[in-house]
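A.B. asks: Whenever a hint applies, use it, and build me the whole structure from the sequences.
Those sequence lines, one after another, are chains A and B. All residue numbers for the first sequence refer to this note's numbering, where the first residue is 19 and numbers rise by one. All residue numbers for the second sequence refer to this note's numbering, where the first residue is 17 and numbers rise by one.
Hints are computed from structural coordinates only; laboratory data are not their basis. Some hints here could point you the wrong way.
Examples of chain A residues toward chain B, derived with CB under 10 Å [what the hints assert, rightly or not]: (1) Phe-159; (2) Thr-160; (3) Lys-161; (4) Phe-166; (5) Val-169; (6) Gly-179; (7) Ala-180; (8) Leu-183; (9) Lys-186.
With a Cα cut of at most 16 Å, we get these calculated EDC-like pairs of lysine to aspartate or glutamate [as the list claims (entries may be wrong)]: (10) A:Lys-186 to B:Glu-120; (11) B:Lys-462 to B:Asp-393; (12) B:Lys-30 to A:Glu-167; (13) B:Lys-399 to B:Glu-385; (14) B:Lys-83 to B:Asp-20; (15) B:Lys-462 to B:Glu-392; (16) B:Lys-462 to B:Asp-329; (17) B:Lys-122 to B:Glu-385; (18) A:Lys-147 to A:Glu-157; (19) B:Lys-508 to B:Asp-355; (20) B:Lys-395 to B:Glu-385; (21) A:Lys-186 to B:Glu-180; (22) B:Lys-462 to B:Asp-390; (23) B:Lys-83 to A:Glu-157; (24) A:Lys-186 to B:Asp-126; (25) A:Lys-185 to B:Asp-126; (26) B:Lys-395 to B:Asp-329.
Glycine included, every Cβ here is placed at the ideal spot set by N, Cα and C.
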Amino acid sequence: MTLEIVLFVIFALVCLVSGILMVTRVNPVISALFLVVNFGSLAGLYLTLNAQFIAVAQVIIYAGAIMVFFLFVIMLINPEHEKRFLEYKPQLKIFAVAIAVLVFLQIAYIILFSKPSEGVSREVAASVKAGTIEQIGRELFTKYVLPFEAVGYLLLSAAIGALVLAKKKFK
Amino acid sequence: MNIDSIISDLIFIKPEIAIAATLVLIVLVDLISPKSKTALPYISLLGIAIAGVFVVQQFGTAEFAFKTSLSSGMFAADDFGSFFKIIVLLASVFVIFFSISSSEIKSVNDHLGEYYTLMFGMILGMFFMVSASDLVLIFISIELLSLSSYVLAGFVKNTVRSSEASLKYVIYGGVSSGIMLFGISLIYGLTGTTNLYEINSIIQIQSFPHITFLIATLFITVGLGFKISAAPFHFWTPDVYEGAPLPITAYLSVASKAAGFAVLIRFIKITFINSIDHHGNWELLNIIDWRSIIVLLSILSMTLGNFTALWQDNLKRMLAYSSIAQAGYMLLGIAVLSDQGLTATMIYFIVYLFMNLGAFFVVMLIANEIGSEDIEDYKGLGKTMPFLGVTLAFFLLSLAGIPPTAGFIGKVVLFIALVDANMIAVAVIALLNTVVSLYYYVRVLKNLYLVQVDEEKPVIKLSFANGFVIILLAAPILIFGVYFTPIVNFAKNSINILGF
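C.D. replies: Following this line, the structure appears as structure tokens:
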């Protein structure tokens, strides 16, 4: 067994266990914390696939920014009320399970039977290179420099807009 | 692509640089001297003037900037883009005039810096939109426009209802841009590129699963349909137009619609074109039946917009539905799929700019005085506000398409293009829709002039500056209604989309 497979098994196990724990917890805060663990182990899986940039982005954006946002929302709404959400409507549980099974079957079908990667004959070396931060940085500052600058102004507008909305007072 | 070519390409985005620099300048001025709020509109106007000079200078160029390969780039500097930039800039100038005299904007004097900054965010987004030839840049610029307009729509009134409108806008907008992004990712998955020109050259030689491609392009059309508020993606329009401050409503109805149309036209023409014959008819690849899709959208927009407008009692809401119907008329010009139809749409846009902004401005000035936008409250205003009454009547008649206003010319050019393309049935539906629209426009006139009011109302005086702005808006409608050669030539000279 190479180190790569060992790492894969470890990350996959952490991912699976934290995923199951996340959906079975009653307290939403604990659920959210298990989701952070899940995101972290996913980042590890990306690393074993040579996708450095996606791994870093996963940690910064999902495990960092989006989870903080999640926790804030949980803090601001009343979790006591939401806890009993499924108790009021037990049908929702069946619906959720059905959707999950459907998605699982779909992914299983794609991986096992339809073989979508058969037609793709890219060299592994090229895809390894494409995932590096250096390559993405090069693309970002040459080919995509104009959209990159536009994103800068997008963030400036968003920040100013958020300030305006936050300072608003309701009558 | 090296640093030298990036630097030399900056010359093509001079207008955008001017707008971006003004945006930063407004932020800085507002931070350094918070007392000088009154200077902000003038700084904005100066920035727009400089950008306008650059845009006019750029007429005649047809080149790719920020090349991604030998024959395609991120940004297409062409006359078609410059035309829509002119429309956006003209609308911005008028909306800044509106903002100066709007009582709604005056009530948030503390936040004037943010107001103009976000407005320039919108302009920058629209500038990139109309020239973008890559789906990445298109998506980012649409987001830049949308995010700024979400905030501006809920900027002024601190009431729950106005914030609800703003929230509705965010949710509908978020969903539609999510759908659009999904469509873009499907297209990228199929073709391996996001550049419109490269997609075109790939789909010309390679065939793709038809249903996937159809879904992907329809998803992109949803995102653009939201921006131009065409039915059935129009549900946000009445609420947002009613809740937003009036200058922003006017701006959304003209400038942001123009940018959406520019992207839609560029997307359809560049991505799906096979060849153009010498009559200027576009031979599109028959992957997707664009004509049927656009005709369907257009008939839905016209009919829904016009018939729903019949029941509206709030003038802002009525104008919102009327702008949905107007988007339907303008879509017809694209459905023709020829340079003649495109010219007709562009002529209609010039006319629509003046008449729609004019109608909103007069409604705003009347609302400043009587504090209401209800059609019932307009009874007898024709006598107390003679100038505003006459000009409102004039703008509304132009929207309905009555000669000798320019609205008539816009519709005639459009119908000629339809008849030339043998789309008689569609032309008849559009004509019948015009008749329906006449009812609700004239209903306002009835309240202004024909209804007897018992109580005596004082005559209200209009400031000289506002009267001047109204004349600036009304004069082109009157002049172009009689002497329309200049706008026809302007539109004809500006249909050159890069690559053909």
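A.B. asks: Hint by hint, say whether it matches the structure.
C.D. replies: Tested hints:
{"no.": "1", "hint": "Phe-159", "verdict": "holds, 9 Å"}
{"no.": "2", "hint": "Thr-160", "verdict": "holds, 4 Å"}
{"no.": "3", "hint": "Lys-161", "verdict": "holds, 5 Å"}
{"no.": "4", "hint": "Phe-166", "verdict": "holds, 9 Å"}
{"no.": "5", "hint": "Val-169", "verdict": "holds, 6 Å"}
{"no.": "6", "hint": "Gly-179", "verdict": "holds, 3 Å"}
{"no.": "7", "hint": "Ala-180", "verdict": "holds, 8 Å"}
{"no.": "8", "hint": "Leu-183", "verdict": "holds, 6 Å"}
{"no.": "9", "hint": "Lys-186", "verdict": "holds, 6 Å"}
{"no.": "10", "hint": "A:Lys-186 to B:Glu-120", "verdict": "holds, 15 Å"}
{"no.": "11", "hint": "B:Lys-462 to B:Asp-393", "verdict": "holds, 12 Å"}
{"no.": "12", "hint": "B:Lys-30 to A:Glu-167", "verdict": "holds, 14 Å"}
{"no.": "13", "hint": "B:Lys-399 to B:Glu-385", "verdict": "holds, 14 Å"}
{"no.": "14", "hint": "B:Lys-83 to B:Asp-20", "verdict": "holds, 12 Å"}
{"no.": "15", "hint": "B:Lys-462 to B:Glu-392", "verdict": "holds, 10 Å"}
{"no.": "16", "hint": "B:Lys-462 to B:Asp-329", "verdict": "holds, 13 Å"}
{"no.": "17", "hint": "B:Lys-122 to B:Glu-385", "verdict": "holds, 14 Å"}
{"no.": "18", "hint": "A:Lys-147 to A:Glu-157", "verdict": "holds, 12 Å"}
{"no.": "19", "hint": "B:Lys-508 to B:Asp-355", "verdict": "holds, 8 Å"}
{"no.": "20", "hint": "B:Lys-395 to B:Glu-385", "verdict": "holds, 14 Å"}
{"no.": "21", "hint": "A:Lys-186 to B:Glu-180", "verdict": "holds, 14 Å"}
{"no.": "22", "hint": "B:Lys-462 to B:Asp-390", "verdict": "holds, 14 Å"}
{"no.": "23", "hint": "B:Lys-83 to A:Glu-157", "verdict": "holds, 12 Å"}
{"no.": "24", "hint": "A:Lys-186 to B:Asp-126", "verdict": "holds, 11 Å"}
{"no.": "25", "hint": "A:Lys-185 to B:Asp-126", "verdict": "holds, 11 Å"}
{"no.": "26", "hint": "B:Lys-395 to B:Asp-329", "verdict": "holds, 13 Å"}
Violated hints for the displayed structure: none, as all numbered hints are satisfied.
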